[in-house]
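Line by line, the protein sequences are chains A and B.
The opening position of the first sequence corresponds to residue 1 in our numbering, with each subsequent residue numbered one higher.
The opening position of the second sequence corresponds to residue 1 in our numbering, with each subsequent residue numbered one higher.
Simulated from the structure, these hints should not be mistaken for laboratory data.
Certain hints may be false.
To be verified - Result set (SDA-like, lysine to any residue): computed pairs, CA atoms no more than 20 Å apart in a straight line: (1) A:LYS57 with A:GLN102; (2) A:LYS166 with B:THR34; (3) A:LYS166 with B:THR59; (4) A:LYS77 with B:GLY46.
A quick note: this is a predicted structure, and the numbers were derived from the prediction, not measured.
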Amino acid sequence: MSNILQKAFTRAVYVALLCVSGPAFAEQPVDVSMTSEKQVVIKASAESPNGYVDTYKYVPMEKVSPGEIVRYTINLKNNGNEPAADIVISNKVPADMIFIEQESKNMVVTYSIDKGESFNTPEKLIITNDQGQKRQARASEYTHVKWSRNVSLAAGGKDSLTYLAKLK
Amino acid sequence: MRFINNNSIAAAITAISMLISIPAMSAGTAAGTTVSNSATISYSVGGTAQPDITSAAETFLVDRKINLTVATTDVSAVGVTPGTNGNVLTFTVTNNGNGTQDFALSATAVLSAAAAAFGGNDNVDATSVSVVIESGATGGYQSGEDTGTFIDELAADGTQTVYIVGNFDTSFVNNDIASYHLLAEARLHGAATTLGAVLTETAGADDTGTEDIVFSDIQGSDAANDASRDAQHSDQSDFKIVSAVLSLDKVSVVISDPSNGTTNPKAIPGAVIEYTITVSNAAGAATATGIAVQDSLNTEIATNGTIAFNADTYASGKGIRVTAPNINGGAALDLTNISDGDVGDFNVTTTNAVTVTGIDLAASESATVVFRVTVQ
Numbered sequence: 001m002s003n004i005l006q007k008a009f010t011r012a013v014y015v016a017l018l019c020v021s022g023p024a025f026a027e028q029p030v031d032v033s034m035t036s037e038k039q040v041v042i043k044a045s046a047e048s049p050n051g052y053v054d055t056y057k058y059v060p061m062e063k064v065s066p067g068e069i070v071r072y073t074i075n076l077k078n079n080g081n082e083p084a085a086d087i088v089i090s091n092k093v094p095a096d097m098i099f100i101e102q103e104s105k106n107m108v109v110t111y112s113i114d115k116g117e118s119f120n121t122p123e124k125l126i127i128t129n130d131q132g133q134k135r136q137a138r139a140s141e142y143t144h145v146k147w148s149r150n151v152s153l154a155a156g157g158k159d160s161l162t163y164l165a166k167l168k
Numbered sequence: 001m002r003f004i005n006n007n008s009i010a011a012a013i014t015a016i017s018m019l020i021s022i023p024a025m026s027a028g029t030a031a032g033t034t035v036s037n038s039a040t041i042s043y044s045v046g047g048t049a050q051p052d053i054t055s056a057a058e059t060f061l062v063d064r065k066i067n068l069t070v071a072t073t074d075v076s077a078v079g080v081t082p083g084t085n086g087n088v089l090t091f092t093v094t095n096n097g098n099g100t101q102d103f104a105l106s107a108t109a110v111l112s113a114a115a116a117a118f119g120g121n122d123n124v125d126a127t128s129v130s131v132v133i134e135s136g137a138t139g140g141y142q143s144g145e146d147t148g149t150f151i152d153e154l155a156a157d158g159t160q161t162v163y164i165v166g167n168f169d170t171s172f173v174n175n176d177i178a179s180y181h182l183l184a185e186a187r188l189h190g191a192a193t194t195l196g197a198v199l200t201e202t203a204g205a206d207d208t209g210t211e212d213i214v215f216s217d218i219q220g221s222d223a224a225n226d227a228s229r230d231a232q233h234s235d236q237s238d239f240k241i242v243s244a245v246l247s248l249d250k251v252s253v254v255i256s257d258p259s260n261g262t263t264n265p266k267a268i269p270g271a272v273i274e275y276t277i278t279v280s281n282a283a284g285a286a287t288a289t290g291i292a293v294q295d296s297l298n299t300e301i302a303t304n305g306t307i308a309f310n311a312d313t314y315a316s317g318k319g320i321r322v323t324a325p326n327i328n329g330g331a332a333l334d335l336t337n338i339s340d341g342d343v344g345d346f347n348v349t350t351t352n353a354v355t356v357t358g359i360d361l362a363a364s365e366s367a368t369v370v371f372r373v374t375v376q
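One chain only, chain A, in its complex shape (with noise of 0.2 Å):
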């Protein structure tokens, strides 16, 4: 056996060790899941002190065809007895979907325009057209969201985010 080859195979003994003795392995000690509901006018356009403005509502998924939002609900929940660190969510926009903006408590969103390779917040992700003019990438250009969590999520504890897409 080589020395490279019994390295791995100590590291797969000892992760297989981990699974089945790790109380917080056996019952996932933080659950993620993910909803979903389309964004309905209900007052459109009317008068406001800050203009003109829609008044919307959040349905179960109906009838979602081209040009409509929907707003995904990511929620976080630590099963387990001990705070979760480090929590960080990550969020690939759907292909089809056209992102607009989030909504989330205590936490640094970072944008990629670039599939993932790297994220930044919105004012350093600058895009350069052929003229070698720059811009800010507009929300649209997000092909990936990050939340990277500034506090621990206490044992027991819950959180959840928001963020709204449109269907191209």
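Fit chain B to the known structure of chain A by using the hints.
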């Protein structure tokens, strides 16, 4: 189960999205596409990175959006000459939905006195109309080629040219307007070469696993038959009769008499009288071609014997003078009385009648035919 490097801190793991790659279209994501989304979480417990966890995929099926646009490409009323067939109003039908559909087509006559598309009001209907689609073999309407009566399998974003073909008998008069709506209705695309069944919008709540049908069209010009969100759209165009409007005038003047000569001549026996027939086409009218002018003197000559035709007024054997824009460069031309290939004769085409043919008159033009007789 993944191998985890104990020394690594939790690293971002790209989420997994199950995707079906569909070319981007302005009509949107194709009907029936599955859009799936899932999030991945990485974390650590007690300083030890734990295996990533990926949520169950959240999936829905893109529904079938039905949307279409009918638009005429005519920019003004289509001029029609009475007694002609194959006059066409031209439209395009565009599939703005996200899937292939068939389209049923129909022409609806605008009610009399209702507004036409390009000014004025509708006041007549064509003798007959039909709706056909451009076959693509030859650009523009070809009666022998363009015979399809519905649009078969028009892909998302596709556009098809459609004609309303109008036939008009000779009863129509200048400025008559026959206005029509083209109404297109999206249908199931069904089998090729067969017009698909009527679409029904899916009622009630969505099943994310089913491709529902959603109508998104707006109302078009044909308000009586076309509503918003009914899988139909329409637009309007007009046929307008542009006919020649000919008027005829005949005046006579006494040229001479045996007693007074040419000074204040009177219409006494032996007097020479000149007749001038003027035919005019009205301003704004269509060009009239092949106008024939005939003035019968048969009653006067044969029945009453009151006059005789002067056969040699302009030259030997030439008793008719015509002046028309299309004859002799617009200059006066003297015609022989016999049938010899020129455009006029006397007592040949019709007994004791002056006949001149082949006059063409555009709008606002006129022509004259002049001849003389002697009072008996």
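So, going through the hints one by one against the coordinates:
For the hint pairing LYS57 of chain A with GLN102 of chain A, the CA-to-CA distance comes to about 16 Å; that is within 20 Å, so the pair holds. Our distance criterion of 20 Å between C-alpha atoms is met by LYS166 of chain A and THR34 of chain B, whose separation comes to about 14 Å. As the CA atoms of LYS166 of chain A and THR59 of chain B are separated by approximately 14 Å, the hinted pair is consistent with the 20 Å bound. Proximity of LYS77 of chain A to GLY46 of chain B is assessed by CA-CA distance (about 17 Å); at most 20 Å being required, the pair is judged to hold.
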